[in-house]
Structures are given as C-alpha cells and as structure tokens.
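All chains, full assembly: derive it from the sequences and hints.
Residue numbers (my numbering), protein chains in the order written: chain A, 166 to 527; chain B, 166 to 527.
Source of the hints: derived by calculation from the structure; they are not laboratory data. Treat the hints with caution; some may be incorrect.
Since the list can't tell identical chains apart, any single copy or any two copies may satisfy a pair.
[Stated by the list, open to error] Mimicking DSS-like on lysine-lysine, the simulated pairs with C-alpha atoms at most 30 Å apart in a straight line are: (1) Lys-330 <-> Lys-377; (2) Lys-510 <-> Lys-277; (3) Lys-377 <-> Lys-271; (4) Lys-277 <-> Lys-381.
The lines below spell out each chain.
Protein chains: 2
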Amino acid sequence: MSTRIYNFSAGPAMLPTQVMEKAQEEFCNYHGVGNGIMELSHRGPQFTEVIKRAEDNIRELLNISDEYAVIFVQGGASMQFSMIPMNLMLPNGFSEYADTGTWAAKAMKEAKLFGEVKNIATSKETNYDRIPVIRHWKPTQGSSYCHITSNNTVAGTQYHSFPEKMADVPLIADMSSDIMSRVLDINEFGMIYAGAQKNIGPSGVALVIMRKDLAKRTPANVPTMLRYSTYIDKGSMFNTPPTFAIYMIALITDWLKEKGGLKVIEEINDMKSEVLYELIDKTGFFHCPVEPGSRSKMNVVFRLPTEELEAKFVKEAEIGGMLGLKGHRLVGGIRASIYNAMPMKGVEQLIDFMNEFERVNG
Amino acid sequence: MSTRIYNFSAGPAMLPTQVMEKAQEEFCNYHGVGNGIMELSHRGPQFTEVIKRAEDNIRELLNISDEYAVIFVQGGASMQFSMIPMNLMLPNGFSEYADTGTWAAKAMKEAKLFGEVKNIATSKETNYDRIPVIRHWKPTQGSSYCHITSNNTVAGTQYHSFPEKMADVPLIADMSSDIMSRVLDINEFGMIYAGAQKNIGPSGVALVIMRKDLAKRTPANVPTMLRYSTYIDKGSMFNTPPTFAIYMIALITDWLKEKGGLKVIEEINDMKSEVLYELIDKTGFFHCPVEPGSRSKMNVVFRLPTEELEAKFVKEAEIGGMLGLKGHRLVGGIRASIYNAMPMKGVEQLIDFMNEFERVNG
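Below, the structure written as structure tokens:
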C-alpha cells in the first residue's frame, strides 16, 4: 500500500490494512445487498450474522466458556468506570482499586459515588513508572471486586502477571489498550472490558466480557441502559447497537484468527516491543522512564535529551511517514503505540529513523 | 448507481449515495494523510476539524443560538431516556410525558426511577393512531420538564405542531426519527435529541441540543459520563467520541447544506409523503390506520386486505429492489420509512410497485 502510512497514535489507532480495504470495498454494497452494512437494519439477516460472528470470534480467540457473557456497550471504557460500581458494588460494601495511572485513577474516582473505595496498590509516588509488585498486595476478602488497569497507555506500563485469584472477589480489568494482544486466561477474571479503538476496532464501542452471575448483583434502581443484564438478555440489541463499529470488530477478529490467533499475535508483539526497548536501552541518547519489569508491549514511552529534540523528532518522523509519536499531553516525551495492527515493518522503519536521528543529533 | 437499492428500513436506514461514495473513497486514506479518519487520533487536526464542522453545520441548518449546546453522546436515544430525568428532574419534583407510542412509553418508564411522572396526554386507547389534540393539553406549571416524541416510528404518527411554550417548563423532544427533516424553531424547546441512524448518520451516536442553563440542574451524585455538563464543557471529547459516526454526520450535514437546507428538504419530504398517502387513500386495497391529521412524513404505515398479502407484498418488493418494508414486529403491516436520504425516485418506484401489486392482487 503505497498511500498508507504508519500511525503510532495511542488510539484511535491504525487498523489492519487488509481489514480497511475489505471494509472499503463493501462500504456501499454489502455482500451484493445494494446498501452498506451501516445502512441495514440491525435486526436484518446481514447484521444478525455480523454480530454473531464478532461474538463467536471473540469467544474462540479468548477461549471463553458459556459461564461468561460477551457484550457490546457504548460510551467507551469511561462509561464502564460508572457501570461497574453501579452494578457490582455490594450493598453497603466496598471495592478495591489499584491506582497505576491516569485512567486507573479516573475509574477509582467514579466508584466513590457508589460506595467506599480502597486504593489497594499504587505507584503514584514514583510518577506511575511501574506496576506495584504483585506479591506485595492482594484483594481483601469481602471486597465487592478488585479493579486493575492491565495496560497504562499514558505511563507505558503493563501487568505481566496478575493478582492471584481470590474466591468471592472478582478481579476486574480495564484492558482497553492491550485486549487481544496476548494469551489470557479469562477464568482468572470476573470481568474484563475494553474500549475498542486501540486493538480491536474503531471508537464507539466497548467490549465487555463478564461472568454472568455477577450481573445479578445490580440494584433495582439502576436504569435500563446501564444494567449489564439488559445487554446480556438482549444480545446487545435492546436498542440499536453501533452496527458499523461491531462490523469492524467482526472483520478484525476474522483477521486475528487468520493470523493464527493470540499466541501468534503475542509473539509478534513481543518482538516488536523487544527491538524497540533494546535500542532505547543501548544508547545514552534515548531513555525509557519505566521500570524494566513493568514496561508495556503496547505503548513504548521514551525521552530524548531535551524537549526541543523531542519536538524535532516528532516533526521529522511525520515527514518520514510516521504519525502520532508525540507523548500524552500530561507526561510529554515520545510514545510509540504498537498495537496488533502495527506491522513489524512499521517498527523497523521507526528504528531506522531513531538510529539516524541519534546519529545526526546525538 | 446501478448496484444501490432503495432501502425503506426504519433505521439504521439508507444514507445519501453521494455521501456513502465520498466516505468510501477516502476510507483508507483521509485527505492524503495515509490512514482513514477512523484510525486517526480524536485530538489530531483532522478529527478536530470534522467535529467542529459537524457542529457548525448543525448550528447553521437549525439556526441554533449560543444559548444552546450541541453535543454528541453515545448510547442512542435510549440512553437519553435515563439521562434526561437523571439530570433534569428537579429535587422532589415531577415531570410530564405525552405517551404517543412504544418509544414514548419507554422514555416515561425510565423517568419513574428518578421521580414522579405524569402522563399528560396519550393515544394508547386508540392504539397510538394519533397525536392527542394539542390544544387539549399543556405542560403544568412547576413540572421539571415536558417530554414528547415528535415522530413515532412504530405507529407512523408525527406532531405537526407543538405544545405552546411555557416559561419555566422546558419542552423536551425525542426527534430520533424526524430530526432535520423539516424547519424547526429550536427556541421553542429546552432540549431536543435524536439517535442519528435515521436522518443524519449511522447508529452509535445521538445528537443532543440543549439550552445550556439546564445542564446546571444536574445533582452532584450523577456519574461523569451521564452528566450533560461533561459533554458541554469538553466539546463532546471528555473521552474518545465515536469518531467515524460523527464524521458521517459531518458529511450528511454537508450534503443537507448543499441541497439547500431544511426548507428544501422539507418540501421534498412533503412531496414524498403526500404522493404515498394519496395513493393509499384513493384505493380500497391499501389502508392507513393513522388519523389523517397525525400522519408521519417519515414513516408511512399501511395495511393490505390480509396478512398473507402483506407478506407477499414485502417479498415481491424485495425482489424488485425495495428493502425493509415490513412493519414493526409489534404492529405488523407495511411501513415505508422515507427519511431525507430516500430520493423521490425511490418513492416513485414504490408507487409503481403498489399500483401493479393492487392490479394483480386486488
């Protein structure tokens, strides 16, 4: 694809070129129907097949049992920050959150509207440069749930192991920025969720996978559209779902299956991040502020000697066809987001550019 | 467009062919950037321009003053059914709803979770075959707000005038199925809202236009993503918005402006519906169950002598390239949804088919 460039944006992010081209091809005329999938009724045969395929693909890729529901909800991960305590906080109960970054803190803040919230582990005092050592903390018996953020997009950290499973305390993970990037045992979790716009689709839909029994906790006064049971009972079709976004998830999970599933994708993601961190660590020019054992394989953050050089780096990378490398506005620096759709070739191009940039400016 | 067909679905519904073709053309490479708009950061220059253009177009088309906010919210109109009472019900107050159909009743049901709800006018006892005569009812002084459903998609009814404006009682209208189909004085309303997937875009986004002062009513315990002020203060970008859906709204409102605005669209919509109702009324074969003064210009519902003939009608229409004519599952019959994007030619083709069907089966 001569016209396509490498987009290292943290999300919305680049999607697989093969998927984009397929969606483009059938955009105005889905499977010969004479209208695009976006224009067809969500209750018609075409979309009924699409949403079933999206769910089936997700179940197959993550090996999800019938004990769990797979649903599509609007409002992004931020809406989940509210829905989780609204539905799952036990009466007069408390919940626990690990505060590992901007989004983890936002999730915790919302929960405080619905009951007591305990900050069970944090790395705030070291600027969120690490995941607090897992063996030093665990959920408390009696907690409504324990919430973690598996990958922290802003700080560039990621859990490489998870807190031990504790009976009666469901572990809930916001996996917005690393969903389907690696093999996962869903049975270790009560619920995982993810805004789609990084690894599995466009913005406008969140994937929620939850143990069905948890949906029974919801108090009677929670509105229809904010109850998990509404989505579970109606197959995410109580009202019109975001059909095109779900269609894109179906195509992207088709692509993931064709690639060989999550084990293969994980190996590619390991390679992509390893070569980047290797380059960063071997020079005195680039510097990664994240503690080595907590580094994210999705969002590789690093600094250059000065902010002026960072600005120059971002600008020259753009000219070279590499977009979105500017770090999050809260922390500055450089961030290379290398989700599933970023091919090894994109990372190689970035590495060549980094080497050349250091040679000229180092 | 030889491959495009006429889709009379109630929504998601057909979008203007010109818009679909433009979106297809730049799907993988937006304005030469090398990625699709769907893949680009919502904080980047491309989407920043898109969301501004969508808002500017809407303000221009509906002649909206600065006193009103224009925001994009996920969850469809159904989420608004909850957000409205959650944000706008006055402390220990009550609200009023006109029950004119399935969706109006759903909106009313949700409000009961947040306070007293009065059913101010209804046509339920006549199977929602009409809008209750406007001069027979008006909002009560002291009501938190008065909620109406301007067009009833299932029953095929529409308000052709609105209840008189009453100071202190904001009129709120669900305009999901007739937004931007006709000229409207926004100043008569405290708030209007619409799921996009009928007249102005794909599913996955709702347009909300509200008087800014109303957003100050929200109680402190309402979660961030459910507060109107979150969307107003952050330009609908507190978190990642449904970027592609908003992009489609920008394109469709561009198209509406090119067509000449809402006055021109209204004239076309008037013609489209008039020719259909004229045909229905002149025969004993077709029959419209809706009281003449309340008939919808968006959803033309009618019956045939038997259910068998109705099934045959739907099937043969499909073969003739006219999709989505089956009535809503709750009421049966035939429903021709003729939103803005349905051209006069589509209606003419339907009329030819109806005449021929009556000739053969009448």
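Verification of the hints:
1. Lys-330 <-> Lys-377: Classified as within; 17 Å inside a copy, 47 Å across copies.
2. Lys-510 <-> Lys-277: neither (44 Å within a copy, 56 Å between copies)
3. Lys-377 <-> Lys-271: both (25 Å within a copy, 25 Å between copies)
4. Lys-277 <-> Lys-381: both (21 Å within a copy, 21 Å between copies)
Hint 2 alone, counting from the list given before, is not met by this structure.
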